[in-house]
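Trainee: The residues making up each chain are set out below.
2 protein chains.
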Amino acid sequence: MFSNEDLHQKIADSLKQLPVYNEPAGLYEPISYTLDQGGKRLRPLLALISTRMFGGNPDKALPAATAIEIFHNFTLLHDDIIDQAPLRRGRDTVYKKWNINTAILSGDTMFAIAFGQLSKSDPEKLPDLMKVFTQTAVEVCEGQQYDIDFEESDQVNISGYINMIRLKTAVLLAASLKIGAIIAGADEEDCEKIYLFGENLGIAFQLQDDLLDAFGDEGVFGKKTGGDIVANKKTYLYLKALKSAGSEDGERLKALYSKRNHNDEEKVAEVLEIFTRNNIKSFTENTILDYYSVAMKNLSEIKLTDEVKAPLLLLAEGMLKRKY
Amino acid sequence: MFSNEDLHQKIADSLKQLPVYNEPAGLYEPISYTLDQGGKRLRPLLALISTRMFGGNPDKALPAATAIEIFHNFTLLHDDIIDQAPLRRGRDTVYKKWNINTAILSGDTMFAIAFGQLSKSDPEKLPDLMKVFTQTAVEVCEGQQYDIDFEESDQVNISGYINMIRLKTAVLLAASLKIGAIIAGADEEDCEKIYLFGENLGIAFQLQDDLLDAFGDEGVFGKKTGGDIVANKKTYLYLKALKSAGSEDGERLKALYSKRNHNDEEKVAEVLEIFTRNNIKSFTENTILDYYSVAMKNLSEIKLTDEVKAPLLLLAEGMLKRKY
Numbered sequence: 001m002f003s004n005e006d007l008h009q010k011i012a013d014s015l016k017q018l019p020v021y022n023e024p025a026g027l028y029e030p031i032s033y034t035l036d037q038g039g040k041r042l043r044p045l046l047a048l049i050s051t052r053m054f055g056g057n058p059d060k061a062l063p064a065a066t067a068i069e070i071f072h073n074f075t076l077l078h079d080d081i082i083d084q085a086p087l088r089r090g091r092d093t094v095y096k097k098w099n100i101n102t103a104i105l106s107g108d109t110m111f112a113i114a115f116g117q118l119s120k121s122d123p124e125k126l127p128d129l130m131k132v133f134t135q136t137a138v139e140v141c142e143g144q145q146y147d148i149d150f151e152e153s154d155q156v157n158i159s160g161y162i163n164m165i166r167l168k169t170a171v172l173l174a175a176s177l178k179i180g181a182i183i184a185g186a187d188e189e190d191c192e193k194i195y196l197f198g199e200n201l202g203i204a205f206q207l208q209d210d211l212l213d214a215f216g217d218e219g220v221f222g223k224k225t226g227g228d229i230v231a232n233k234k235t236y237l238y239l240k241a242l243k244s245a246g247s248e249d250g251e252r253l254k255a256l257y258s259k260r261n262h263n264d265e266e267k268v269a270e271v272l273e274i275f276t277r278n279n280i281k282s283f284t285e286n287t288i289l290d291y292y293s294v295a296m297k298n299l300s301e302i303k304l305t306d307e308v309k310a311p312l313l314l315l316a317e318g319m320l321k322r323k324y
Numbered sequence: 001m002f003s004n005e006d007l008h009q010k011i012a013d014s015l016k017q018l019p020v021y022n023e024p025a026g027l028y029e030p031i032s033y034t035l036d037q038g039g040k041r042l043r044p045l046l047a048l049i050s051t052r053m054f055g056g057n058p059d060k061a062l063p064a065a066t067a068i069e070i071f072h073n074f075t076l077l078h079d080d081i082i083d084q085a086p087l088r089r090g091r092d093t094v095y096k097k098w099n100i101n102t103a104i105l106s107g108d109t110m111f112a113i114a115f116g117q118l119s120k121s122d123p124e125k126l127p128d129l130m131k132v133f134t135q136t137a138v139e140v141c142e143g144q145q146y147d148i149d150f151e152e153s154d155q156v157n158i159s160g161y162i163n164m165i166r167l168k169t170a171v172l173l174a175a176s177l178k179i180g181a182i183i184a185g186a187d188e189e190d191c192e193k194i195y196l197f198g199e200n201l202g203i204a205f206q207l208q209d210d211l212l213d214a215f216g217d218e219g220v221f222g223k224k225t226g227g228d229i230v231a232n233k234k235t236y237l238y239l240k241a242l243k244s245a246g247s248e249d250g251e252r253l254k255a256l257y258s259k260r261n262h263n264d265e266e267k268v269a270e271v272l273e274i275f276t277r278n279n280i281k282s283f284t285e286n287t288i289l290d291y292y293s294v295a296m297k298n299l300s301e302i303k304l305t306d307e308v309k310a311p312l313l314l315l316a317e318g319m320l321k322r323k324y
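Just so you know, the protein sequences line up as chains A and B, in that order.
Note that this note's numbering numbers the first sequence so that position 91 is 91, with each residue one more than the last.
Note that this note's numbering numbers the second sequence so that position 110 is 110, with each residue one more than the last.
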């Protein structure tokens with residue numbers, strides 16, 4: 001029986017064995033730089049844990065898990081261009097360290113390498129894996145496009161926002177779990193349940209991230225809070241405040257989000273005041289709990305013992321119980 | 001028996017049935033715009049012709065052929081950003097008509113859709129198809145990276161240049177043919193031969209393109225000649241001239257290619273004079289013929305009758321016999 005740490009190590013080893021240290025260096029150096037950055041490897045870990053949970057051999061899921069991690073990092077690489085993000089995990093992003101063209105092309109190559117890894121999976125499972133993987137890839141792109149669209153739009157509502165984070169974040173977590181289940185030979189019903197579990201958990205996870213960005217303890221959260229507010233991001237908190245606050249707070253919030261060149265600190269402080277006055281923190285916590293509860297229900301319906309489900313449950317709890 | 005025109009129509013129909021007319025419009029409009037542009041559909045046609053030649057049903061190759069065409073158009077979309085190309089087939093490129101972010105993300109989505117199409121192929125063939133497709137995708141990216149590198153480098157030699165065009169152009173033509181052969185159930189040896197045929201034909205095709213860019217008849221060639229010279233592209237013609245010309249012509253050529261802000265017309269005229277004085281046109285024609293001859297040898301070694309090979313041979317001749 002492999003521990004979660006064993007699985008994490010397997011992923012790290014698999015990424016180290018990739019054929020990405022070749023010529024031309026201008027293409028492969030940014031790829032190595034990206035994949036060497038570490039990180040939690042949450043998505044491949046979910047795939048391996050899912051395979052193990054459904055009684056499969058995690059080694060058989062390693063190519064697909066590796067594919068998922070490479071794909072995820074490819075999306076970050078291109079997203080960083082689009083979002084003009086200078087830093088990721090404390091280091092220069094690829095487009096900053098090199099340039100936009102390098103980031104485009106290295107990302108494309110990572111996408112191709114991801115599919116190359118996926119194709120090393122059990123041939124009998126490959127058609128199903130491809131179906132999940134390609135649909136998810138398309139949906140992640142759709143999520144990113146909605147995120148871009150929402151920046152310019154004043155028509156964003158809460159359900160649209162939830163759909164955006166579902167596509168941009170949750171479906172890849174869900175697909176990771178489903179891919180692990182397919183490889184273990186889980187039946188279709190369980191594959192669907194574990195997908196829904198991941199999707200609902202993923203939405204809760206992203207809402208939690210939004211909440212921490214506003215109300216997190218910077219020491220624990222690991223990055224400066226208020227970033228979404230400074231960037232005028234129409235997160236769940238903002239949309240909920242617009243919907244539930246009175247017209248005075250609502251108008252003030254819109255005004256604060258419509259202009260740039262505010263004094264950032266004052267702006268964050270005032271927005272947080274409006275959020276607090278309108279109980280946005282507890283509204284958001286309740287919504288997170290709603291999605292988390294549905295996820296728990298999805299997990300409970302899977303035809304396995306609680307004992308076998310325990311490691312995944314622990315990981316899910318860990319994902320959500322970040323302090324703020 | 002399907003004619004080439006039938007096959008062309010099948011490709012057009014397949015592209016029209018793609019699920020790319022969805023929301024978000026910001027993502028899918030550029031994809032429809034790109035795929036609606038027409039073009040020769042050379043690569044998917046090669047795949048279908050190959051399947052037919054090896055006795056398979058072209059309909060079975062249609063998902064893979066569609067995948068190839070979408071992939072090819074995705075690479076063009078990202079290449080146009082990298083090359084800052086404002087026009088393609090007489091229309092604004094996606095990054096010009098929309099913006100760089102849209103072009104990145106729509107391209108990524110096309111890449112995912114391409115794999116989605118490929119995965120509709122016969123499940124038994126899918127692992128082999130994936131192997132060819134992903135390796136080819138990586139190689140095309142490598143080719144584009146070498147092309148970028150060569151712009152800045154003064155160390156480019158002829159064999160490096162041939163390798164670059166092999167990766168950037170030839171391997172996708174080769175892979176298209178091999179994918180068609182795999183789907184028809186051709187044996188491994190024939191799959192390899194048809195690949196080599198495509199690779200050598202592809203190199204000849206690109207060298208021909210270089211030649212036409214310098215010496216083509218603008219009316220027949222369909223675009224303004226001299227573009228490579230104005231852009232200081234280190235094509236086969238330039239590299240061959242540097243190698244075979246005396247030091248005086250060589251130094252002058254380097255000087256002409258090192259500066260911008262030349263009078264373009266005068267520069268093109270002087271470069272063509274140097275090319276002509278050093279027989280570069282006939283050197284290039286001979287090299288094209290060399291690659292074409294190897295391609296013909298590859299084709300001749302395939303275990304099929306000449307009659308069955310005739311349509312592919314005709315297409316290959318058509319690709320090379322563009323007048324200049």
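Please keep in mind that the hints were generated in silico from the structure rather than gathered at the bench.
Virtual Cβ for every residue (Gly too), placed ideally from N, Cα, C.
Hints should not be assumed to be uniformly reliable.
Quick list of in silico lysine-lysine cross-link-like pairs, DSS-like style, CA-CA up to 27 Å [as the list claims (entries may be wrong)]:
id: 1; chain 1: A; residue 1: 60; chain 2: B; residue 2: 120
id: 2; chain 1: B; residue 1: 233; chain 2: B; residue 2: 40
id: 3; chain 1: B; residue 1: 131; chain 2: A; residue 2: 16
id: 4; chain 1: A; residue 1: 60; chain 2: B; residue 2: 96
id: 5; chain 1: A; residue 1: 131; chain 2: B; residue 2: 233
id: 6; chain 1: A; residue 1: 96; chain 2: B; residue 2: 131
id: 7; chain 1: A; residue 1: 96; chain 2: B; residue 2: 120
id: 8; chain 1: A; residue 1: 131; chain 2: A; residue 2: 259
id: 9; chain 1: B; residue 1: 125; chain 2: A; residue 2: 125
id: 10; chain 1: B; residue 1: 233; chain 2: A; residue 2: 120
id: 11; chain 1: A; residue 1: 131; chain 2: B; residue 2: 131
id: 12; chain 1: A; residue 1: 97; chain 2: A; residue 2: 120
What the simulated footprint calls covered on chain A by chain B, stretch by stretch (three residues with Cβ under 8 Å from a Cβ of chain B suffice, anywhere in the stretch; the number is not a length) [stated by the list, open to error]:
id: 13; segment: 114–122
id: 14; segment: 127–135
id: 15; segment: 201–211
id: 16; segment: 231–239
Residues from chain A shown here face chain B by an in silico Cβ test under 10 Å; the list is partial [what the hints assert, rightly or not]:
id: 17; residue: 75
id: 18; residue: 76
id: 19; residue: 82
id: 20; residue: 270
Trainee: Taking the hints in turn, state whether each one holds.
Mentor: How the hints compare with the structure:
1. A:60 with B:120: holds, 23 Å
2. B:233 with B:40: With a Cα-Cα distance of about 25 Å, the restraint between residue 233 of chain B and residue 40 of chain B holds, given a limit of 27 Å.
3. B:131 with A:16: Roughly 20 Å between the alpha carbons, so the hint for residue 131 of chain B and residue 16 of chain A holds.
4. A:60 with B:96: violated, 45 Å
5. A:131 with B:233: violated, 41 Å
6. A:96 with B:131: Given pair residue 96 of chain A, residue 131 of chain B is violated - Cα atoms ~33 Å apart, limit 27 Å.
7. A:96 with B:120: violated, 38 Å
8. A:131 with A:259: violated, 43 Å
9. B:125 with A:125: Holds - the C-alpha atoms of residue 125 of chain A and residue 125 of chain B are around 13 Å apart, at most 27 Å.
10. B:233 with A:120: violated, 39 Å
11. A:131 with B:131: Holds, at about 16 Å.
12. A:97 with A:120: violated, 32 Å
13. 114–122: holds (count 4)
14. 127–135: With 6 residues closer than 8 Å to chain B, the segment 127–135 of chain A meets the three-residue bar; holds.
15. 201–211: violated (count 0)
16. 231–239: violated (count 0)
17. 75: Because about 8 Å separates residue 75 of chain A from the closest Cβ in chain B, which is inside the 10 Å limit, the hint holds.
18. 76: violated, 12 Å
19. 82: holds, 5 Å
20. 270: violated, 31 Å
Checked against the numbered hints given earlier, this structure breaks hints 4, 5, 6, 7, 8, 10, 12, 15, 16, 18, 20; the rest are met.
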